[in-house]
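**Student:** This is what each chain is made of:
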Amino acid sequence: MSLYLILSILGALVLLSSLGRGKRLVVPLAIAGLLGALAVTGMGLGLDHPLLKGMAEFDRYAVLFSCLLLVLGTLVVLLLTNPNERSDIPRVEMAALLLFSLTGGIMMASFAHLVMLFLGVEILSIPLYILAGARKRERAGNEAALKYFITGSFATGFLLFGIALIYGATGSFSTRAIAAWAEANPAVFTPMFHLGLLLMLVGLAFKISAAPFHFWAPDVYEGSPSIVTSFMSTVVKVAAIAAFYRLFSEAFPAAADAWSWVIAAVAALTLAVGNLGALAQRSFKRLMAYSGISHAGFLLLALLSVGPGSAGALWIYAAAYSFATLIAFVSLLAVEAAGGGESLEALSGLGRRNPFLGVCLTISMLSLIGVPPLAGFFGKLFVFGNAVSQRHVVLVVFAVVMSAVGMAYYMRPIIQTWLRPPAGSPFQLSTSQAWVLGIATAFVVLLAAAPVWVMRFL
Amino acid sequence: MMSSILFYGLSTLLFAAALLVILSRNPIHSALWLVTAFFAVAGHYVLLNAQFLAAVHVIVYAGAIMVLFLFTIMLLNLNKETEPQHSLLVKLAGLVAGGMLLVVMVGALRRSSAETASDLATVHSGTVGLVETLGKVLFRDFLLPFELSSILFLAALVGAVVLGKKELGE
Amino acid sequence: MTLERCLLLAFALFAIGVYGALTRRHLVGLLISIELMLNAANINLAAFAHFRPGDATGGATFALFTIAVAACEMAAALSIVVAMYRRRRNLDLDKLRSLREPIEAEPGAGKAP
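Residue numbers (my numbering), protein chains in the order written: chain A, 1 to 458; chain B, 459 to 628; chain C, 629 to 741.
Hints listed in this document are in silico derivations from the structure and should not be mistaken for laboratory results. Where hints are given, some of them may not hold.
Claimed, not checked - With the C-beta cut set under 10 Å, the calculated list includes, among others, these residues of chain C facing chain A: (1) 636; (2) 658; (3) 700; (4) 703; (5) 711; (6) 729.
What you are looking at is a predicted structure, and each value in this text was computed from that prediction instead of being measured. Think of the CB as a built atom: it goes at the ideal place given N, C-alpha and C, for glycine as much as any other residue.
My request is simple: use the sequences and hints to build the entire structure.
**Tutor:** Printed below as a string of C-alpha cells:
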C-alpha cells in the first residue's frame, strides 16, 4: 500500500515540478523518492494494509521483485540526467511516464486479483507506447511506437478474453479462489478453463517477447531512444516474467499438467529464435533485442519447475540478466553520446577509448553467456538444476546447446571492444553513466554471493 | 419471450454491424458501423441485467472513444480515402486464423455445454447491475484498483499531450 | 436467451475482431478491430456475471475497468496516429518499413534513416 502511494505521489510531484523553476530538480527528486520507496519496501513498512482487500499481497516474492524493479527503475531514471539523449519528449514528462510505468510493474509483481494484473499490465504499457515514440520527428520513432502499441493492445485483447473465460469457469477473479476451484475440481477441468488459461498465456507471452510472439521486439527496441529501450528490456521484462510466474504458480498450480508442455514448447521455440536470430544482427541494439528474447526462453524454464527454490532461481536469473543488459545499454548510450552509431562497429576499440567502459561491457557480456563466477552463471545453474529435477532433461540439454550458440554472438562486442582499432578518440563518461555502470557491474559481480541468501528468503 | 426476441434482434444487429465494420473500405463508414455495434452491445448489457454498465458503455464508447475516432478521421482528412486492400493471400490467412480461433472456442463451449446449461437456474436478482450495488462494490472491494486507475488516466493524458502536440518550428 | 447463446455471440465478435486486426491495412481500421475484441471480452464478463453462480458483481465491475482501459488505450493510440500522420502523410500499415531485419545484399541496411 505505502509503495503504491509513494510511487503515484512521486509521479505527480515530478509532473508538478515542471511548473516553476523546478526542472533541474526533477531527477534528484525522482531518485530520492525511489530510494525512499526502496527503503520502505526493504524494511517492509506499511506494505500490508486492510485497504488492499485481497487485491494485492506483498509476500516475500512481491517484496523481492519490487526491490529489483525499484533498483532498475532508479538506475534508468539516473541516466535521464544526460543531455545527449535523442528524444523529443521533455525530461520531466519522460521521468513521470517512467515512474508511472514502474508503478504498473510493481502491481504486476504483487497482484492477488486479476483486475490488478490487468490494470498493472496496462499501466506498465501505456506510458511505454508513448515513450517508444519519443523520437517523434523521425519515421523510426513513430513506427516503433505504433508497432509496440499494435502488438501490445492485441495482447491485451487476448489477456482480457482469457481472464473473462477463467472468471466464467471458476466464478472468481482472485488467484486464491481460482486455485481453490482448480483444487476442488481436479477431474473436470472444463475446456473453458483451459482455453482461458491458454489465452492468458498468449497475452503474457507477447509481453515477455517469447516466440512466436516476439517479432515486435527488435523493431521496437531499435526505433525507441536507447534510454527507453534500456527500460523496456529490464523493467518491463522483469515485471512481465514476475507476473507470469506469480499467475501460474498461485492461480493454476493444480492445472500444471495442462500448461507445462505448452510452456516447454514456447520456451524451446523462444530459445531457438532468440539465439539463432541474434547471429545475423549487425546493430548492437537489435542484437540485445534478440538476446532479450533468448533470455525470455531461459526465464520460462523457471516456470516449468514451480516448487521450492524455483522463485529464487527466477529472481536470480532475472536480476543477473537485467543488470548485465543495463550495462550494455549504458555502453550504447555512452558510445552514441561520443558520436558513434548503434552498429557493432561503433564499439570497436572501446577498450582503448574508455577502459572502464570496456571492462564493464566485457563483464556484462560474460555474465550473459553464463561464465562463472558472474551472476549469470548462478542464474543458469539454478534454473537448469530445477528444471532437471522436474525431469525436463531434453529441454535443458537444448537450452545448454543454445547458450553455447549465445557465446558466438556475445563474443562479438567483446572482440570489437578489445581487438579492433579505435573508432574515435578517447572520451569521458558522464557522472551519472559512470555511477550506473559501477552499480550495475557491482551487482553482476556480487550477486554471486547472494544466491544462498535469496534462496533462503524466498 | 420478449427478451429472447430482443436478444435475437440485437444479436443480428451486432453481428451485421461488426461485419460491416470490418468490411467497409472507408474509415468513416467503419467508425459509424462501430457506433451501431456499440449500441447493440449496450442493449445486450441491459438484457444481461447490467444497467449501469450499459449506461457507462454508451457514455464512454459512443461519447468519448467514437468522438476521438471521428475527430482523428476528420482532422487528418481521412474521410475521402478508400483503404488500399491487402492481397487475397493475406485475407485468406486472416480468415483461417480468425476461423480457427472461432472453431476452437465454439468447440470448447460445446464440450462444456452441460454445465453452461445447468446453471441457468441461478440467474441473479434484478438489483445486481444497478448503480447502488456496483458503487458499493467499487468503493469497498475494488477501492485499490479504482484509485490506481487514476495513474492510468494521468499517464494516458500526459502521453497524449506530449506526443500529439506540435513542436515549435514544425 | 441462454449463456451459451451469449458466449457464441461474444466468440463470433472476438473472431471478427481478430480477422479485422490481421487484415486491415488502414491504421484506424485496425484500431477499430481491436475495440471489437475488447467488447467481445466485456460481453463475456457480463454474461458470466449474469448466469454463473458466485461473484456476480465482480464481472460487471471488471467490465467497468475494461472500458476505462480501452479509453486510455485509444487516447494513446490516436496521439501516436496524429504524430505519425504529421511525419508521413499516410497511415498505410504496409508502408511501415523503416525498421526491419538487416538484408544481406546491402551493407548497413536495417539502420534507421
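**Student:** All the hints need checking, so say for each whether the structure fits it.
**Tutor:** Here's how the hints hold up against the structure:
no. : hint : verdict
1   : 636  : violated (13 Å)
2   : 658  : holds (7 Å)
3   : 700  : holds (6 Å)
4   : 703  : holds (9 Å)
5   : 711  : holds (5 Å)
6   : 729  : holds (7 Å)
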